[in-house]
Structures are given as C-alpha cells and as structure tokens.
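There are 2 protein chains.
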Amino acid sequence: MTGTIGTEAPGSIEEFQARLVEISETLPKRLLQCADYIALNTDRIALSTVAELSAAAGVAPSAFMRFCQMMGFSGYSEMQRMFRETYKHRWPDYTTRLENLRAAGGDSPSALLAEFVEAGRASLSNLATTTDPALLERAVDLLVKARMIHIIGLRRAFPIASYLTYAFEKMEIPTMLHDGVGNFNHRSALRPGDALIAITFAPYTQDTIDLARHAAEAGHDVVAITDALNSPLHRIGTLSLMVSELDVGAFRSLSASLSLALALSVAVGARRAKK
Amino acid sequence: MTGTIGTEAPGSIEEFQARLVEISETLPKRLLQCADYIALNTDRIALSTVAELSAAAGVAPSAFMRFCQMMGFSGYSEMQRMFRETYKHRWPDYTTRLENLRAAGGDSPSALLAEFVEAGRASLSNLATTTDPALLERAVDLLVKARMIHIIGLRRAFPIASYLTYAFEKMEIPTMLHDGVGNFNHRSALRPGDALIAITFAPYTQDTIDLARHAAEAGHDVVAITDALNSPLHRIGTLSLMVSELDVGAFRSLSASLSLALALSVAVGARRAKK
DNA sequence: CTAGTAATGGAATATTTTTTCCAATATGAG
DNA sequence: CTCATATTGGAAAAAATATTCCATTACTAG
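Those protein sequence lines, which keep their order, are chains A and B. Start counting the first sequence at -2; every next residue gets the next number (this note's numbering). Start counting the second sequence at -2; every next residue gets the next number (this note's numbering).
In case anyone wonders, no lab produced these hints; they're calculated from the structure. Mixed in with the good hints there might be a few duds.
[As the list claims (entries may be wrong)] Just some of the chain A residues that point at chain B, by a computed CB distance under 8 Å:
id	residue
1	105
2	107
3	118
4	153
5	155
6	156
7	231
8	261
Nothing here was measured: the structure is a model prediction, and the numbers come from that model. Each residue gets a CB set at the ideal place from its N, CA and C atoms; glycine is no exception.
Construct all of the structure, not just a fragment, from the sequences and the given hints.
In structure tokens, the structure reads:
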C-alpha cells in the first residue's frame, strides 16, 4: 500500500487542483492517465459515473477508484459529492442562512449588507449563465419595431419599471409608464403598433397581469419579465424573459432583474439610434 | 391510468419548459407541487436524486416519479439524462458563459448584458469592502428612532427610493415617499421627530437637494445616500452613505445602491421589531 | 350517503453504480 | 534470470438509487 493516509480530502475546487498537481509527480502510469484526464475535464466529475470517466480516461474503473483515494477522498462518491455541493452552493438558501445569522445575534446592519451583496452577486452570475441570447435578441427586435413602449410593474417590480422608463426617456424613446397613480385606467392608451413590457414576480400582481392580458388580446407584443415558468405572465406574454433572484429573508436584491432590464433598454436604444 | 401515452419526451430544456407549462393546467395537487418546485429549480435536476428533489418539493418519491412520467419521460433517470446531456455541452460556468455572451460583440443585447452583470458584480464587491459598519450602524440608529421616515429620490435614484418605500411598507414602518406627483410640495409633511432619507447621484437632482436642505435646517435627521464626497448632499446630511457604482455607457446598474438601501431598511425593520 | 374513480404514500423490488478483493501482470534490484 | 514488490483489470459484493405495486385515503357524481 502506498502512503495516502493522514491527508485531508480537498474541500474546494482550488484545493482539489492543488492536490492534483502535487500527487501527479509520484503517480504510476494508469493513475497518471486518470490525473491527466481529470485535469482537462474537471467539470465532468459532477455529472458522470466512474464507469464513464474511467472509460473516457482509458483505464479500469478500479484504477480510477484508486485515483480518487490518492486524491484524499474515501472513494468516488465522496469526490463527486464535493463537486456537486460546490455547484449547488452557487445557489444557497438565504432564508435559513438569515435565520442562522439572527439566531447567532449577528443581524447587524453590516452583516445584512454582506448577505445582500452575496445574494446580488449570485443572482447576477446566475442571470449570466441562464439567459438565452437569442431570446433577448428577439425581445429587442419586438421593442425596436414598437411605435411606443408601455411599461407596467407594480409593488416589488416598480423600481424596475421606473428605471426602464428613465432609461428610455433618456434615450428619447416614446414610453409610457403605467404607474397606477390616481387609479386611472390607461389601457386605452395602447394604440396599434405599441408594445408592452410587463414585470411581475411572485406573488404576482393582479393589475399587471390584467393589463398584460388585455394587451395580448388586443394584438400587442408583450415582453414579460418574470421569475418562473409557472408565472401567469409566461402564458400571456408574446415572449418572456426569466430572472430568478435570490431572496434574503423576505426581500430580493433586484440586481439581476435591473441588469436585465437595463441591457434590454440600452440595446433597444442603440438599435434605434442606428436607423 | 391517466392518459400520458403518445407524447414524446422533451429533448431540450426549452421543450421541457413548454411541456411543464402545458401540463401544469391539469395536474392534481401533489404533482402540481412537483411542477412548481421544478419550475423554480430546474437546474437541480442534473445534480440531485429523486429522493432529494421529492423531499425538497415536499412530496413522496413515488409522486415525483409520476410527475416525470406526466412530463413524457419513462422515469426520473431518463429525465435526468436529458439534463445531464445538455449541461455537458453548455455547463453553466460563469466565466465561459460570460465570454459566450460577449462573443456576440458590440452593442448586441447579450454583450450589453454581460457588461451590466460584470459592472454589477464589481460594484457589489466594492460596496462590501468600502462600507463602514459603524456609519451604517449609526444610520440605522437614527432611523429606528424616527417617528416617520420620509424618502426622496428622483430620476435615476427613484427606483431606490421606491424600493425603500416598498420595504418599509411591508414591514409596517410609517413611511412617506416624496415622489413629485402633481408637483405638490409635501415638505410640510415633515413633523418633529421625523427623519429623511435622501438619495441622489451626479448629476444631482435639485429638488432632492432642496428637500434635504430644508429638512436639515428644520432640525430633522437626514440620511443621505449618494456617490461622492463632493456631493452636495454630503454637506447637508446628518450622515451620508457613499456608494460608487460603475457605469456602462451612460447607465448605472444600481445593484450596489439597492443592496445598501435594502440592508438599511431590513436592519431598521429588525431592530424595530425587537422593541 | 354511496359507489366508483383518481390520487397518494410507503414498502417491496429492480436496477444501476460504487467499492472491494484477488489473481494476473508488470517492474526493477540484485 | 529470479524474486520481491508494485500495479493492474476484472469480477463479485455492497450500497445507493430508481421504479413498481398496492393498500389506503380523498374526491366526485349520482
């Protein structure tokens, strides 16, 4: 038996890679094959079985098994678990985390700020990895064609609606924000050729849904910005853009939603300016 | 047996999502629970076991199994295989995906999105490292004491002002948003013991500065959220919190400002609830 | 209220995947 | 060349996981 005992299992991808380099020096042929393959295909570990990986690396499963042990894990499962956990942790559960914080008496404003910053960063990464460029492109197309752009987003979605309005206004694109002031019903302001951007997140706001439905039935293009597949807007809208944002307690940082909205509006502005 | 036969299994995430929406209409309670959970956590399928997912969705494993069949798969394994295959090709790795987004180049929507995402992430990191915990703490103190919290933030700062208002409202803290609707001047609404949160970034909005000055002169506590030392608010406010946000072209992502605002309001809410 | 049908949860079974073990093979020192 | 030791591959055992089946419960129409 070759000495492996006494070494801790890597707890992060960085540690994993460090260890990989370290042991590569002293590995026999077959195990080196494993190491080389893994060095190039680290990200396959989370999704593949030993059988698949060993076949791809050109070694027997049992050899691969030994490789895992040389890396400091008890076996393949433990190694895989590390990777899966890491990938899942991109999406931590903030509600419980916040409760823990509070329980530990750490609900100082700066601790809260740290949580919001974290949540915001995670939401942004997630937005970058899940957004479909083609869909975004199509949304821009619709809005470039529109004679006038109507915007609705109430309560939690209101900051986004208002920032969109600000951005369009600054680029001198005809825009109307349906803000509900005075409880006036402006739905008849939608004229042929107009488009609507509707924004709502769970729990969905009825007025937003109503206007979106009305617009869709009247034949307007409706670009929906919402949070999930089962959102009512998804069924109504001509096209829906999905943003999932992490909650911290009962609140959402909105970072991702705002970035998406802004990218959308600036792209529309740029394309219009070209004409 | 309920009719499922004859439907092809979804072969891509898009098809999967379409089918999910489609069947959601007709699903019984438990299966709907599965659908709702999956709608929000689609990306977990590739990495989790039925046992984990069903537990997370709050249903029995067998119910989850039936859900998979309703989706058109022979079982969970087949469904999972579809996701694993998809992810093998485009693994949601932040750096790679960001490059993909950028690849479209120029002012394409996805390249812009990448810019905003990056700017947002950088601004958030910067916020976390530059914010002074003691200052934040003092701001919270001021606001906890206040009889009523007035909020002003116009134009570019309006989304932040409105989200603050939303947050305070949800926590049942007496709040008034000075939004400028109808050009009414609500400055006399400031009563003894009230505090003001004033938000403005360069180019500074005159109305915001005016109200802040008025409030300060009348002896109210003014918490300023602004962008630089030379901001007029900085001289006026009792206390000012600084956020520097990166620009993308002429626009700002607002991620950092919103996170700061939210942390502030939640901290105030938490402290008030304790009393 | 009742019968009939659909939905549900849990336990039993089947399948896949991991892990261990051992005999066969290679390697290197003397 | 030979022995001692290290390495390897395959097959059997163990563990984890998916899937089916069925008794029980909840609905619904009459």
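Here is how each hint holds up against the structure:
The closest approach between the C-beta of residue 105 of chain A and any C-beta of chain B is roughly 7 Å, which is under the 8 Å cut-off, so the hint is satisfied. Hint on residue 107 of chain A holds. Least Cβ distance to chain B is approximately 4 Å, under the 8 Å limit. Interface restraint check: residue 118 of chain A against chain B, minimum CB-CB distance 5 Å, threshold 8 Å, status holds. Of the supplied interface hints, the one on residue 153 of chain A holds, with its beta-carbon coming within about 6 Å of a beta-carbon of chain B, less than 8 Å.
Because the closest C-beta pair between residue 155 of chain A and chain B is about 5 Å apart, less than 8 Å, the hint holds. Interface restraint check for residue 156 of chain A: the shortest CB-CB distance to chain B comes to about 4 Å, inside 8 Å, so the restraint holds. Of the supplied interface hints, the one on residue 231 of chain A holds, with its beta-carbon coming within about 6 Å of a beta-carbon of chain B, less than 8 Å. For residue 261 of chain A, the suggested interface contact is upheld, since its CB lies about 7 Å from the closest CB of chain B, less than 8 Å.
Every hint, counting from the list given before, is met by this structure.
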